[in-house]
Each structure stands twice: as C-alpha cells, then as structure tokens.
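In the order they appear, the protein sequences are chains A and B. In terms of our numbering, the first sequence opens at residue 1 and continues consecutively. In terms of our numbering, the second sequence opens at residue 1001 and continues consecutively.
Please note that a few of the clues may not be correct.
Below, a sample of chain A positions facing chain B; criterion: calculated Cβ distance under 10 Å [stated by the list, open to error]:
hint, residue
1, Y38
2, A42
3, Y44
4, A48
5, R50
6, R54
7, E86
8, D87
9, G91
10, E106
11, W109
Residues from chain A that keep clear of chain B, each with C-beta distances beyond 12 Å, as calculated [to be verified]:
hint, residue
12, A33
13, F40
14, G171
Hint data in this document are derived by calculation from the structure and do not stem from the laboratory. All C-beta atoms in this analysis are idealised placements derived from N, C-alpha and C, irrespective of residue type, glycine included.
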Amino acid sequence: MGPGSARFLFRTFKRILAANTAALEGMARMDRALGGEYVFDAAYLESAVREVCRLTHLSAYHLNGMADETWVGLYDAYLTVKDALEDILAGGMGLYASRRVLPFAEIGWEMEPLVGLAAAGLAVLGRRMGLPAPDGLAVTATGMAELAGEDREAVLGEVEAGIAALYARLGGPRPLELTLSAAGADGAGKVLATAVADSAEAAAQAVAELARDRDAEAAVAVCLRPLLAGTLAGTLQTLAHDPNLPPAMLAVARPMADAAPADRAALVDRCWFSRAAPHAPLRTRPAVKPLDSALPGGRPLFPSRGRSLRGSGYLTPRQGATLAELGLAAERALGGPCLLSWVLDGDGGFWLTGLGPAETAYPEWADEPEADDDFPGPDDLLLSGGQIACGGVGAGPVVRLDDDTAPAAVPLGSVGVARTASPALSRLVPRLGALLAEVGTPASHLATVTREHRTPAIFGLKGAMDLADGTMVTVDAEQTAVYRGVAESLLRQAAMQDARLGSEPEYLVLRRLLRHIRPLNLVDPEAATFAPAHCRTCHDILHFAHEKAVESLLAIDVSGRGGLGTPRRLREESPFALGVVDVGGGLAGDGDTVALGEVTSLPLKAFLEGLLRPETRRQEPARLGLGDIMAGLGRTSRALEAAPRAAGANLALAAADYANITLRLGYHFSVVDAVVSDRPEHNAIYFRFAGGFADGDRRARRADLLLAVLERLGFRASRQSDLVVGKRKLLEADEALNVLRLLGALAAYTRQLDVELASEDDVARFVRRFLELCGLPPQDAAAPEAP
Amino acid sequence: MNPDTPDDSPVPHAPEGAASGPDPSPRRRRTSILILDDEPIVCKRLKPFFQKAGYEAEAYSQPAEALARVEQRRFDVVITDLKMQGLDGLAFLGKVKALSPDTDVIVITGFATLETARESFRKGVFDFVAKPFKLTKILEGVRRIEKERGLVP
C-alpha cells in the first residue's frame, strides 16, 4: 500500500475525518466554555488551542498525503493562524504590532488589542459583515506610544499619509471624527475621548494632543472616520435591563441640527425595544420638543398644549426595529452586548459610527430569576429533544430553510428550521434568532457557525420541519426545547447570564482566540475563493481538507488497481459482474468469491440489496436503432483507445462504513461513493454518471431521468450534457442506507435504458415506473404525466 | 473521576447545630464550602454558583489566606486546585485534613494524571475533577458528600 493507492487514500481519508471530528469537538468545548458551561482557567486555554492546532495541522498534512502535496499552501495558512493564536496567548498585540497606522481594510478582530474596539468594530462590521459603517483608519497603540518619543514626527507623517489615502478612497477631503479608546490585551475598549478635525493636518494635530493627554502606562488607540451628517444621532445599548420589561435594547436619539448644543441635551428621546423580533417598542420617553421643530424628514409636530409639544418620538417603530437588528448583528459579531453609536442620514438610512463595550456593571440585576417570572410550562412545549449546537435562548417567527434559501428571504431574527444542518446554511445564520435542524450534531460545521454567531441552535430535533411557517416560537437550546410564543422570562434569564460573564479577562482572551479558530469563511466549494490562500481560521483549513479529501476519493482511479490486491467476485445473480476489494472491515470470509451475506460494509451491502432486487431489473432486450449503433461505434473506439482495461471493470472498494462503487456498464460510467456511520455529519453519498451507448438526445434523456430520480431521493443534483452529479450529505445512517438501496436498484433499472428513451415522455414514464417499483410516493405534481 | 471505596471510609458525623432526624428548624444549616484556586476566574465562577445553589461559600485565590481561614473555622467541604503558586494543593489538603479530619476535599486540576489522582485519593480526597469541568459535575460531588455525611435529610 503506497501513496496514491485506493487503500492508502481511504485510510488517510479516515484519518482526516477523525482529526476533523476531534478538532470540531475541541472547538465546541471552547465555545461552550465561552458560553459559561465549563469552568476553565488560563492553562485550559493553552492546552485547548494547542490541541486544535495540532489537529488542524494533521488534517492539512493528511490531505497533502492524499493529494500528492497539491495543497502545500495550506501549511502557510496554518502557520499564520497558529502565530496569531500564540500571540494572543502571550498577551501580544498581534502580527501587526509594529504598525503605527492601519486602514480599516487591513483590520480584523484579532487586532482589537492594537487598534482598540472602536476601530476593530467599525472595520469588521463595515468591511467584513457588510453593515452600514464608514471607512476609516486607526492610529494603533504602538503609534500612540511612539508619539511620545523621538519618532513623533514620523508617526504624525504616517497619520497624515493614512488620512490622505482615506480621502482618496472617499473621493475628497472631509471633516473627521476621532475616537480615543482603551486598547491593549486587557483593554475592554472604553471610549476615553472624542474630537473633530476638518483637515488632515488638524486631525494629526488632534491625534498628537490625545497622545499627550494619555496615561503613559495605558495602551490607547485612535479611530478616525468621516464625520457623518444626518438628521438624528444617538446610541443603542443592545442589552438594557429593566425588571419591568422583557429583555430590551435602549435606543437614545437626538436631533443633529435645529437646536443649539445647549438645548440638544434636553432633546433626547429614549426608547426601549424588544430584543426579540420584530423588536416592538416596549416603552418610550420622548423629549419635550419645541413648537417650531420638525421630525426627521420634515414632518411637523402636532400641538398638544402650551408652547411645548411631545409629538412623536424621533424614531419610528420601524426605524427602531431596523436599529435593533443592526444592534443584534453587531452583538453577535462582537460576542457580547455592546454600545453602538449611530447616525440617521437624510435618506433615512442608518450608519454605525462607533462601537463600545456595554455597560456591564449591572449590580442591580438579580442573580435569581424574578419571583414572578412566568416560565413556560408543559402545555407550551411544542418540541423537545436533539442536541445543543449552540446554547442560549432565541425567539421569533418560524422560517423554513434549505440550501437554496436566499438571505433576503429570511427575516432578521427569525427562527430557521431546516431538514439538515448543511454548511450551506452558514450564510443565513447571522440573520437568525435561532436555528433548528432535524439532522445534524454539535460537531458539525454548521454548529460551529451558530456558536460563532451565538445563534441558539438545536440539531437532531425530530419534528422541527412540522412547525408551521410564521409561528412565533421560543427556542431554549440549553433545555433542547421549543415553546409556543415568546417566552420573555427565558429570554431575560439568558440575556443576564451573557452580560455577567462577558467582561472577565479569560473570556476576552477566549473570545479573541475563537475568532481565529471557529469562523467558517470558505462555505462554497465551487467558489474561486475556496483555496488555501483564503483559509483564515482553523475551521477554514479543516473544512477545506475535508472537502478536498472527498474529492480525492471520488477521483480514485481503480482502472489500474495499483496495490489493491485481487478483487473477490460477487457470487450472486447480479445484472453484471462485480469485483469487491476489502479496504478495511468490508468483507467477511475469504476465497475468490463473495456472497451478499459476507459483505460487512454497510453502504455496499445496502447498494447490493437494491441492485439484486429482481423486480427492478429490466430483462427485455434494448431496442437499438441504427443511429445508436453508429454512435456507439465511434464511442467504442475512443473508449478502447483511452483506457483499454477500463471497459467492463466493475469494482467496489469496501470498508465497514465506506464504499466506492465504480460501474462501467457498456459505456456508462457511474461512481457511487458513500460514507455511512453513526455520525450524520460524516455521512455522505456522492453519485456521478457519464456516458451511454446512444445518440446525444437519448443520452441527455437518460441523464434527465437520473437527475429526476436523484432529486426525488433528496440529492443536490446537476446535469451537464450527459454528466450527472449528485450529492447528499448530513443524513442519518438508516436514511443513508435506504438511499443506497435505491441507488442500487437504479443502477440495475437504468442499465442500457437510454436506447429506449425515444421521447421526453419516456423520461417521465420510466421515472414514475421506477419510483413505483421502489414503493416511493409519486413525484411532485410538477412532474409530467406519462402517456 | 470517582474514588474507589476508600480504605478510610468517611465517618458519618452530626454537623454542628444539626439535630438528628428531621430538622426541627425551619431553615436547615447550610453546608459550608471553601474554594481555593489561584486563578481568580475559577473562584468567580464557583462562589456565586454555590451561593445560588443554597450553600455557604467562601473563595480564595491566595493559599495563605485560605490556610488562615481553615485554621479559624471548619468547613464541610473544601474545593482546591492542585497546582498553585506558593502552596501545593496536596500540602493544603494535608493541612486541612490534619485540622479537620471530617472535612471532605474535592481536588480540581488542569494537570490531571493518574499519579496525581492516586496520590490525592491516598491523602483522603473525596473526588478529583479535571479542568475544564461543568458546574453540574462539581455540584454532584458536593451533593454526594452531603449525602454520605448525612448533611441533607
């Protein structure tokens, strides 16, 4: 057994799976520690990071073993991630520690100690998450410290150059707002001072003044961004406790013009919005507004009495809800409650202008649940069971999701419900208030993504898809329960726990570490960015290695059978001869032949059970037309030239939980590759078909038939010419075996079928007949009726 | 990790102020716990957790302070880290047992080896918990002590 042999590839693939599982479990434990489930110390952080790094490296190493060192770039990605993690553990400032000025484009979460929370937050929210936040730059803690030394002029020069570059990006000079905030490994990002400057020189001067006033011991950084004009400005506290309200967010709004600064302080509206979608206003404390003022958009105030008017609040409920959604998105990105600053521009759009730590000192918060808290009872329970993918409580309207659901179709804060916890749902997670999946486990990629976004999630929850669209539900992931309606008591209790733990130093370090470990940026294997150079986290590297390992397996070239050993011939009445090679626990007994009863490989056994079913085998001889024979002749000679030993080589590689079945029936070439174990996240079935002894139209019809059946069996399938590719992932063992039985039956049924597919109607007829033979319910009404 | 049946099986005792049989007072005496870990985060998590669960809990991150405290008064349960700056957890455990043989000790450690576990049990440790651990895990240990010592009805 050597590199490149099927046996080697399979064993290495199994090692990648094992490393992936162990790494994802380690990541899950770190996530759960962050959620307060575990008591941990600094030593745990070091050992956990070391272990996840080791497993990530192992995955990259094994993938390169499978792929003949094709992905060595993965090692570079790994080293970059590892360096960043070690730097965090050492309490360092990160890889850019020597930089004095950094534009937002170069800033990620990991640089928070260097650039402060204000700059890191705006940069990530705006550039990485696509939220409305302005471009800008940061004068780093290094830059601020060096302003006090002999390099002062050089630093100021860099600041001015950075601002000139910002002006170029913005399309011209404009006034800037400066925010001085606490930085450093222990700095929680508190805003210390703000200033405004109307030119690059003035801004550099303001930075110098902020540096002069700073405490020499404390690390500080400055965030510079354009001063935004608008009708309203204010803040949003994403978690505002009030014993008389459900979990709330507090929006403070004031007009930006029409009032002298002294009066503006009095013109402040306060509005508490529900944290739960659709973020209804819970309480408003509008300011008393003067008679001659107008609301944003020029709406006049209506008189009430005297010379003062209460009128309406500055923010409409709808605007408040939008702001609340932005706040929750920012909170998820940050990993805890926060204080956002915002501006409402003349067009009615919000801009986020600052991000600071939440006021976490809530001494008045009760540790115990309120005595009169009304927790949901058994009558309110809609579903229970499954496993916690991400703890927490979320509430919202149910929305059904699948791999093709567009983000815009998912209301922010809704409760997503999916059949399987597919990685393709990752892009929807930031929009969800909670997520339920009928199939999936806490060690799956998607579970990691839910934890990254702190989206409460339960996977493996039977009956989740039965929840009706639009039903308001509360998901209590800790209890793996779904309740009817919005259970405010549960939401309040969960929100308080988050706020208590968020600011401890170990939690800040863990959160920073996880930013390099768990985000999954590479979600689409078809995208050009699915490459080692784009792997920015351990999770990216693990996911990449997994996907590419599967691809390597699918491309196993069994025609040469290098190092495989002699296959054992299937000793059953099969529609065609089949050789089986045991690559680890796939067959029992010995000898030249093997009976179905000796097949111990679960996936192969299921496939063969389907293949050998007499009722799906079609005995009648195919009706060949002259065109078919002529087309077949050309293909015959081409096929013979290309791979003389390939034609007719039907071979299965079998392990206890794996099978790779290559069928070359005539000129059809099919591959079924399946992993079936007790871990749904590992289970996958791939199907690929090409070729056929018939003219182009008929081959295309056969491909259509296969496509129709695969889609009926729940595959994500596509067809190009007569090449059909289908994938099904994340399914439980029983279901996977059932699908394999049907694929076996399909292989027997469609043997040389294409010559009979004379018209489009035949496709529908044969699809229907096959499904009937397999006892499957009729297709969707959209399918054409057979004559 | 749970101990196999230790040779020196704990001797049931009647805690101070607790009558035998049903507790006549409306409020049962609370089980007292001293927590020692030089990592403040562990103390910050454990102390409020046990207080919320109805225990009398004190937490120390300085071994010397904890030692002074156990010399002043007896605790039903001591939860201590094994590896600390200034004082080895096993030494602390030895002193606690010398001062108050009927105090049960739970050891928590991030460096769990079979050898340290064996040594801890030899010194009379009731339970040995590897970090990171779930709060419920350590609560189970304390409840088992209460049950075996007859601290709960």
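When the least beta-carbon distance from E86(A) to chain B is tested against 10 Å, hint result = violated, 19 Å
message = Hint A48(A) vs chain B: min CB-CB distance below 10 Å?
response = holds, 8 Å
A33(A) remote from chain B - nearest C-beta pair above 12 Å = A33(A) not clear of chain B: closest Cβ-Cβ about 6 Å, inside 12 Å.
task = Grab the minimum C-beta distance from R54(A) to chain B and call the hint holds if it beats 10 Å, violated otherwise.
result = violated, 18 Å
inquiry  = Would the hint on A42(A) be counted as holding, given a Cβ-Cβ threshold of 10 Å to chain B?
reply    = OK, holds: A42(A) within 10 Å of chain B, min 6 Å.
query = Does the no-contact call for F40(A) survive, Cβ to all of chain B over 12 Å?
reply = Given a closest Cβ separation of 4 Å, the condition is violated.
key: Agreement of hint Y38(A) with chain B interface, Cβ distance less than 10 Å   = holds, 4 Å
task = Could you check if E106(A) really has its C-beta closer than 10 Å to a C-beta on chain B?
result = Since the shortest Cβ distance to chain B is 32 Å, the answer is violated.
ask   = Any CB of chain B closer than 10 Å to the CB of R50(A)?
value = Violated: closest Cβ of chain B sits about 13 Å from R50(A), beyond 10 Å.
key: Restraint outcome when W109(A) is required to lie within 10 Å of chain B by C-beta distance   = For W109(A), the interface hint is violated, since the closest Cβ of chain B sits about 22 Å away, which is over 10 Å.
inquiry  = So, as I understand it, the hint says G91(A) touches chain B; can you test that by seeing if any CB pair is closer than 10 Å?
reply    = violated, 15 Å
query = With a cut-off of 10 Å, does the beta carbon of Y44(A) approach a beta carbon of chain B closely enough for the hint to hold?
reply = Interface hint status for Y44(A): holds (5 Å vs cutoff 10 Å).
Against the hints set out earlier in the document, violations occur for numbers 5, 6, 7, 8, 9, 10, 11, 12 and 13.
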